[in-house]
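J.: Sequence:
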Amino acid sequence: MTQKESFSNYTILQNTLASRVVLEDLFSHPIRYVGGVDVSYSKKGKSSTACAGAVVMNPAD
Numbered sequence: 001m002t003q004k005e006s007f008s009n010y011t012i013l014q015n016t017l018a019s020r021v022v023l024e025d026l027f028s029h030p031i032r033y034v035g036g037v038d039v040s041y042s043k044k045g046k047s048s049t050a051c052a053g054a055v056v057m058n059p060a061d
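Read left to right, the sequence shown gives residues 1 to 61 (the numbering used here).
Just so you know, not all the hints are guaranteed correct.
[As the list claims (entries may be wrong)] Straight-line distance between alpha carbons at most 20 Å, and here's what the computed SDA-like set of lysine to any residue pairs gives:
1. LYS4 - VAL21
2. LYS4 - THR16
3. LYS43 - GLY53
4. LYS4 - ARG20
These are calculated hints, taken from the structure and not from any lab test.
Work out the full structure: start from the sequences and follow the hints.
T.: Set out below in structure tokens:
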């Protein structure tokens, strides 16, 4: 797969996921916390490194 084909596939996936975003509040009670996580990987030679992060926020703050 070429880089251009790979980007094209990611664009299609991004558009598919974007169509699933809910833009209205459907919760019946106030939200107390919002959280998210992410991880990235780096491989250099025989060495691999993972870097992870997690965030929890109070939207009222």
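J.: Are the hints correct? Go through all of them and say.
T.: These are the hints, each one checked on the structure:
no.	hint	verdict
1	LYS4 - VAL21	26 Å, violated
2	LYS4 - THR16	18 Å, holds
3	LYS43 - GLY53	18 Å, holds
4	LYS4 - ARG20	25 Å, violated
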